[in-house]
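S.K.: Chains as they are written, first to last, in the working numbering: chain B, 339 to 754; chain L, 15 to 996; chain V, 120 to 210.
Mixed in with the good hints, there may be bad ones.
Think about it this way: if two alpha-carbon atoms lie no more than 25 Å apart in a straight line, the pair counts; the simulated DMTMM-like pairs of lysine to aspartate or glutamate are [stated by the list, open to error]: (1) B:K355 - L:D128; (2) L:K916 - B:D462; (3) B:K493 - L:E837; (4) L:K649 - L:E931; (5) L:K599 - B:D692.
These aren't lab readings, by the way, just hints derived from the structure by calculation.
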Amino acid sequence: MRYSALKLLTQALTGNKGWKPVWRDPEPKPAYDVIIVGGGGHGLATAYYLAKQFGITNVAVLEKGYIGGGNVGRNTTIIRSNYMLPGNQPFYELSLKLWEGLEQDFNFNAMVSQRGILNLSHSDAQHDGYARRGNSMHFSGADAVLLDQDSLREKCPYLDFDNARFPIKGGLWQPRGGTVRHDAVAWGYARGADSRGVDIIQNCEVTGFKIEDGRCTGVETSRGSIKANKIAVCVAGSSSQVMGMAGMRLPIESHALQAFVTEGLKPILPGVITFGAGHFYVSQSDKGGLVFGGDIEGYNSYAQRGNLPAVEDVCEGGMALMPMIGRARILRSWGGLMDMSMDGSPFIDKTHIDGLYFNGGWCYGGFKATPASGWCYAHLLANDAPHELATKFQLNRFKTGSMIDEKGMGAQPNLH
Amino acid sequence: MTQKNRIDGGLIDRNEPISFTFDGRQFEGYSGDTLASALLANGEKLVARSFKYHRPRGIFTAGSEEPNALVHLRRGAYLEPNTRATVAELYGGLEATSQNFRGSLKHDLMAVTDVFSPLLSAGFYYKTFMWPKAFWEKIYEPIIRSSAGLGRLSGEEDPDIYDKGYLHCDVLIIGAGPSGLSAALAAGRSGARVILCDEDFRFGGRLNAETFEVSGMSGTDWAMETIAELAAMDNVRLMPRTTIYGAYDHGTYGALERISDHLPTSGNKPRQVLWRIYSKRAVLCAGSTERPIAFGNNDRPGIMLAGAVRTYVNRWGAAPGKRVAIFTNNDDGWRTAHDLAAKGVEITAIIDSRECAPLSAPAGAAIIMGGQVVDTKGRHGITSITLANGQQIETDCLAVSGGWNPNVHLTCHQRGRPVWRENIAAFVPGGDIPTGMMVAGAASGELTLASALKQGHKTANSVVKDLGFKPSRKAVSKAEDEPVEVSAFWHVKASKSRAWLDLQNDVTVKDIKLAYQEGYRSVEHLKRYTTLGMATDQGKTSNIPALAIMAECTGKTIPETGTTIFRPPYTPIPISALAGRSRGKNFRPMRLTPSDKWAKEQGAVFIETGMWMRAQWFPREGESHWRESVNREVKQTRNSVGICDVTTLGKIDIQGRDAAEFLNRVYANPFLKLPIGKVRYGLMLREDGIVMDDGTTARLGENHYLMTTTTANAVSVFRHLEFCAQCLWPDLDVKMISATEQFAQFAVAGPNSRKLLQKIVDTKFDISNKAFPFMACGEITVCGGLPARLFRISFSGELAYEIAVPARYGDAMIRALMEAGEEYEVVAYGTEALGVMRIEKGHAAGNELNGQTTARDLGMERMVSKKKDCIGNVLSERPGLNREDGLSLVGFQPVDRKLELKAGAHFVAKGNPANTENDEGWMSSVAFSPIHGHSIGLGFIKRGHERLGEIVQAADPLRSRNIEVEIVSPHFIDPEGERLRV
Amino acid sequence: MIINHPLLGPRDASEFTYLGDANLMNRPDWLSENASEQFYEYLYLRENPAGEHCELWYHEQGDRSWLVITRNTLTNEISKVELARELERSA
């Protein structure tokens, strides 16, 4: 069923009785060409591109709970490609380009809204770092504008310029950055994959891998065993747990990150703004809530919730940056699990077990990567070779010393 | 204006009338009123508009669960959007305005959306607005955004102040209704330290809203007597107006106390205080929240929860209507009829969905058992209801009760799941509630007053006993068990008109069915697709009925269908309160250097360096640009002598028999053979082989060393050293302490630095070049006996020293140094000149030691000893860190010397286009060198050390620049280091 | 969270800095034959259980003790707190 304004109108006139389920609810088949473990944003995007770009449709997405229930459903909805290192930048730029055509592509309005993202600098060194980063962006064809204090005052008069502990020196603005209605991304990909024949199977937990002679031939699930030629794991947050079932240890720790939304407010913030002297990033949703987040809790966690110090820290950052939001009230906070990798960058790679593939380690930057991650993972699954823009996301890069460490924090996952 | 709906009784003070305005109109209420009760007393029904369809909305509840009656409170910078009228205490001059409309509240132009509601079904926006592509951001989204939100922010800085505090107790009791008061009495009498909190400004909970008796007196009187007894106990802290908003780990609770929200102005008090309460045990006595029944047009002003109607009548003497009808599925609803009749309010009808014998009812009321309300009429307020049999009954207020939901929210904050209890058709706390929490009273599913009192008492007694206190033997207060039979009934199927569930977000029964039809069947999908329960009330009254309807669709039971997770906060909390005093200049602590006072006297310009404030440069009269000042400081230092406060560098005092061995393991270069009285440069790696920090370490005695770190890494290096000492090598005899704040340290640099120092160093210490050569150190005295430490080290590249004195002499020291230097025309220099000189000398600093570079990148690979075990040694040998085309740190100068270099430019070989493929490195630091008279830079470029003399592009598309630069040695001055040794 | 410091009693976790897996105490021998492999595993392949986790915390705002804490990563329940320097070494 194709969505359109006309369809809405005809449905409205007939009592909205004709809308069909956005995806089927199939029973798992005994075998597939490809099984994707994890029905989050990345898993669903992978299934969609496998079907659409590579014509591989005998695919199942196995989801333990409900689709889109992981980080695609609990992030702060930001998209951007303002990365610095050559291993990252072009990949995220591909992602941003895919976002730009996504809705027409999968016929679902995910409200991709490129209202811009602003990263603020508060010292000369930080400003220099942004200059380096902005040039990396230009080098790969992305957009970036370096702003000085005067132009920022004009652009964002509500920021604290005159009484700040760490005065704003400038900023790096990416006009094409913005936000996306996060749940819709999962649903749109699911609908697009489903309509091309992919089985999306919810409430189906993978409980083990069938590995014979160094080859993975299928999975055990809560709904029976299922065979496949290729098994693609895509369960960020729980990667260590799931890959542990295949006997693998990963350069990943699981950490919790909280996010927050205020009560609905009339529009006051144009785009995404990121504080550079504390942990705070914010945007305003189309419903009016200020959506914001800060730093991870800082300790290994599978608890999907956080504690008070992180809540207070992020609000202090918010008040230091834009004290006009003080009387807005936080309505809801939630927690998500992050695959924090040892250099802050992700993995899209084969494993040493034939037929078993891994995608994870997205830290808290996975949402913006969703389209490119799906695109490149599908490429890897279809061709058994990495996509040219994802060659650096290898599992063995720590062994060889080829880290992609944007922040320069080293093997300290909670600092990335 | 008269309070036309004010009736007798209530806990308001009629001797204290209060005037207030709503939408500019003047009204009067009484002390003890909320804005909602005062508006009802004045007969105001229409108070707000809903979010999506802009439907007229009235007051629906009498508490913090209110979905409808949201207003702007106050004005100007004090404006508070989305304030629930039901919890806003009335104060003199209160100013409230309605929100979310265009035109006026009564004639809202946006109400046109309601006409198009068939088009705007749940999730409609996911299906359209996609063509043409550019229209989303240019046309559709701006329209959607302009109608988003409810209230508005003032756009001004929050003028109020907020405090934070920490409290400790044995037992935290959350909620001061009957179970909470009963629990507090029992716990308080045992001697345990008790905190009793309630979000309301008056303790008593439902006791204040009902007409119950406890121990032979009215519930309200019993509550007051109990509060008096508790107030007299030293071990009990009573906290009204305090919401426990979150249950965190290990018995920690977040609480928000509203100190001056009920006053016209906060005066000098904080507006609110955010408490972190550390409790050994907590007893949740949060009561329950009534839920509605969904039927056609059930959203009109005047349709209210039955319990709320009773509350307004009993507690506030305000009648929500003159002719009230009741629609219920439970016994509790009938009490509304009695309470209202007792106050002289006419009851037109009682419609009970149950097919059973009626309970006793006031005379004159039509009793309809097995009845259902299918529709209502009345544009800005209800005028009549229509029953399933077609009968119309005129009414101006419909009290609805669908049963009560225990307030289980805090039991779920650590992801506990509530469980379904059939006899009350509601979720009750499950087994996985936060450690240390017990639940009593209605919150636990015990909905009668007598059991609430009993359970509160019993729970508290068992908790205090567990904590080692002796429970009091006093008996629990007694009350009758009232009837609370309920028969689940969620929505009127016969209704043809839209039946509302989420009143604020305009989610209807049809929307739930549509979500089901489209496959959004998991509770989370339902919520996210329809926006159910996402409004400011977080679905406190709507979630369960919606869940029940989804269960009907799927044919599953409600618990099989699921529950949504309740997350903090329980009710919305202002961002200001969570930030407290940490805002503006107080966002983070500020550290001042020992010469801060002196530098201020000199008119220095300051810069934030981490937490420190350092002098950036010292402008002099006649200097119009900062670069003039910096050039002067550099030149004068290089020509004569300059002084800089370098106290901010980390100083770590390291002692012990194995101190040398320890240093040898934490530094990449050897440290075993450093003689006493000498300083050595040290390069510190992380275990992954990347450079962590650099600095110098001085050997002051046989087993005594002093390490310096960069300012930025002072804390992390110290932490790392403690890790090495305690976790890796606990057998080494080594102890350390940070001495950063203990010593004021000044760099004295320049050809005249020795001469200057000789004037203040006590003469018995020979600091001649021979006696005190480059890299010497020693403990000396200055100015006639003041103990000091002198290090002959140089960051500037000149003959230079650093002198350290106890921090309290820092101010005297800078003055003494400057005075002694007068004859050499000494200058003070700031961080800018420091930066220029280190770039001229080719020293790496923060921009180079950025956590991404190796010793090899910095040209220091030979410093990494391969003959010993040290942190980072093994992993620094990985091939990826030793590539042939690896980066190396070199110097750069513009081919056209007039051009300025910019940090952040990327290097591209001549003739290559500037793109990722051709990216060869970047410029990390630049400065204008007053010595050379042109711009110079340091940067990383592939194979840089082999390419000296090559011209490359410094591409800077970000700033639309691309200039040619020459690769040169990073040592722009004195490459052989002769100046250091004179 | 509250950490029951063996010397100082209960302290708010915000006084501490977190490092991670307590196996970071077991630094390999730099002279062993496959030192490179061992150091890679030591530094990068850390324990990441959903359940009990032995981990290092540093009392940065306090007495600067490094503590080995056994904490459940699902519930945050802390079952053991020890001083790192007094721990029995595995090697």
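S.K.: Of the numbered hints stated previously, which ones are contradicted by the structure, given in increasing order?
M.R.: 3, 4 and 5
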